[in-house]
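Assemble chain R onto chain L, guided by the hints.
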Amino acid sequence: MRTYAIALFAIIAACNINAQDCKSILIGEVIDFHDNTPLQFATILITGSTKSATTDSSGKFRIENLCDGVMELEIYHDECKTKLMTVLIDGDTFLKISLEHHLEELHEVKIIGSTIKNNTNSALEQSLNLNTIEQYSSQSLGDALKEIAGVSSLNTGANIVKPTIHGLNGSRVLVLNDGVRMQDMEWGEEHAPNIDINGSGTIAVIKGAAALQYGGDAIGGVIVMEQPKTREKDTLFGKTVVNGVSNGRGGNISSEITKSLENGVFIKAQGSYKKLGDRETPNYVLSNTGSNEKAAQINFGKLLFNWGVNVKYSFFKSDLAILRASHIGNVDDLIRSINNQEPETINPFTYNIESPRQEVTHHIGSFNFYKRFQGVGKWNIQYDFQNNRRFEYDIRVGDDADKASIDLDLTTHTVTTDFKWDSKYEYKLHLGAMGRYQDNFANPATGVRRLIPDYSKFDFGVFFIGEYRFSDNLIADGGIRYDYNRIDAKKFYRTSRWEEREYDTEFQDLVIDDLGTQLLVNPVLSYHNISGTLGMEYQVDNSSKLRFNYALGQRAPNPSELFSDGLHHSASRIELGDLRIANETSHKFSLSKEVNYDMWGFTIEPYANFLTDFILLEPTGVEYTIRGAFPVWSYRQTSARLLGIDLSLYSNLWDNWKTNHKFSLVKGKDLDFDNALINMPAANFRNRLSFIKPKWNNFEISVESNYVFRQNEYPADIIVFSPEQQQDVLLKINTSPPAYHLLSAYTKVQFPIGIKNQLQVGLTVSNLLNAEYRDYLNRQRYFADDLGRNITLQLNFKY
Amino acid sequence: MMRKKMSTNSIKTTILLALFAGFSFTSCSDDDENPEVVNEEEVITTMNVTLSATGTETITLTSQDLDGDGPNAPEVNVSGNLSASTVYSGSIELLNETETPAEDITVEVEEEGDEHQFIFVTSGSVASTAYSDEDANGNPIGIEFTLTTGEAGTGTIQITLRHEPKKPNDGTLADAGGETDIVQIFTVTVE
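Protein sequence lines correspond, in order, to chains L and R. Each residue of the first sequence is one higher than the one before, starting from 1 at the first, in my numbering. Each residue of the second sequence is one higher than the one before, starting from 1 at the first, in my numbering.
So here's chain L without its partners, still in its complex pose (with noise of 0.2 angstroms):
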């Protein structure tokens, strides 16, 4: 509205300056808003005549012939946004232009970590596109990673999926969500992270610790999810992405509408629902394995060049049923599951979710403020509070029947600021600091003793990173973290419990309370974690590019690897912490070449991760109890030692076809006993071939190839006594399932609906032929096959 009417008075005014001595000069300059540099070849173009002009090297311009009065120019500049404004034109006239720079905002989406490839951080980063994450509607977050060479999954079924980065999972991968740093209960092996793929637009996975504005923790990796950026436009768009999924016999839908404005001003709201109900192998139905999720989205602000102003809220909600045969009384039944190599309940298909289940809660509000000084940098403040509420129900009799066995309230807050001196070409600095206040809840009320205790938590970070360009080709960054984190936590010890342990002896004067059979104990524990990153980036010639960095990471032990103690009923074995864990401290070292010629490229990535302390949880040996047998798992600190290589290929050799090949290795090795460490992704292949026809309706269609070689390096299984067999038999807790080879199919074609609407269907068929098979990183493994075939159709309607 405004611009019309600026060009109408344009015009206006042209029209009664046309009669008048037209003799004026305009002289100006153009320049990059961050660093005062002249931007060449920006066009100034007089709106409304033809009259243009474009910057020299030193980014003058000059237009004569100019008529006195009022005028709207429009500069254009290919790597920036295109600038309005006008001017009084009162004689010759001198006008000084400052363009916001796209490079520099495609840089600065790149420190985040974002869409676009990053160019200077020396750290080994992949991301996922909207086309990907949409394709990945009805699925989960760590579905749609194992995209991405070096990312797999530890499962617990079908529906709960933690990303695992390197071999690497739980608290040693950080989750941001639209810089929110996830903060719920990450540490158990069988919680997803509470996160609806839908409400994002890019994902990047960053493979290690040297993303150290987030945390020195994730010796794993980070994975940043972001949404697309809204522009300073008078917009209103939106979509609807409805998937009905055959396997499970259910579907979600998911829709957003954004409205932006010309002056920054935004509001964008997201909503999804998703129901499937049990899910199926090739021979049986999952007993219980629905699940039915809710997400939704608010986010509105103001965001400009300058500062910006963004305000969010977002809300999750799973209930998620845990397959029944999973649910089993000791070790005995767990012998009888591993043996019979069938599920013991199998029902007719439903929807219900009965127990064993988890209802989980996430809240997430957030407050974000940035300025932009000119010639200086950015500075970011945030505020954000999440509350991540957990239930867990088992199979409980009588009275107790409907109430959760866990029970659990993790509440946090954080705030983060930080400056970035990002003016000068040669250099930019990074400087910032966090702190952390979170508080767990424990509720008596389930009847069971607390798996988590009650615990309050205080984190402090402060982090300085610098970037430094040596030359064109070669560039280098580094950085340094310093964390404390305070734990205070008060828990109930079984006193057998103590003894056994040994705490009686180091820790008893952190007794507070003495119950006869159970003892109250309060713990306050500090830590201190130094991280750190050093690293180069060289580009070697146009098509390639080499990377090196080295990564050091310290992470606190979490509250489950200090303070679990007692019988895990989800998991029917019993879980030991220990009070006297240390931090761990990683050194990892990557390279990376990476080659893009027309026709093909490729990416080698090897890397090498020396764990000291490295916290690892195992199967060590069972326990008795009267309600028989139990394998006893329990936490460690080892050596250990993670090499790896990951390697993508693709390929363009003929018009409209194309491949893409993925491999990827990890072998872990406990250095203190000379074993393999437990839970490693077992290597695999991914080969995929498409076809692609823009002409026809961007038509597409791809066949793929994942190829899971058997992990052959476990630790040795354990020797129970059976108490129904009375005599010691081999439990293959840690043995692996075989290979296996799943084939998928994907298509899509797009269909305009009137001039700016658009329908695209999608057709995915995952596990093709209906192949029988078990994953070593599944924890129902012992219990039943992994799923059938699954059809997907998809309907994306763009508005």
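The set of hints was computed from the structure by calculation and includes no laboratory data. Since no wrong hints were added, every one of them can be taken at face value.
Here are the simulated BS3-like cross-link-like pairs (lysine-lysine), alpha carbons at most 30 angstroms apart as the crow flies: (1) L:Lys732 to R:Lys166; (2) R:Lys166 to L:Lys403; (3) L:Lys371 to L:Lys233.
This is chain R only, laid out in the frame that chain L set:
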């Protein structure tokens, strides 16, 4: 000059904010209230099996695990020797002794008889067992049973309480399925 001023200002702001954040957080973390203790209710700590027959001493078989899922193994006790070739009538009592007075869990098992069953496995000089009670559907529960001894020697009796077994079943653990609530093996001498 301008730049320097800006950057020092922002550092100051940063530090101030961090301090403020730290202060406000620590000040609200003072929580002196102790959490409430949880005494588990559904726990079965004790199984008492009474075996009696006319003209013989009543024998009790006991398994007691007071720390539940804790590290201590159950304490198993057999009060005496069984007589050869005798039919004993047996009854089972389940207790939660972490509560005072002890809670009788047998009542709950009886009420939900259709969802529970004791499975008996015998060997050696313990010849056989038979059910002498029924749930609402006419299927056995096993709270009341009979035990028949054979010739003198040693034998074992394993008692397993299954939750949600297949009912009716052929009396074996494999056929019954379900989950184990209790399992205990007693070694006895028959004389």
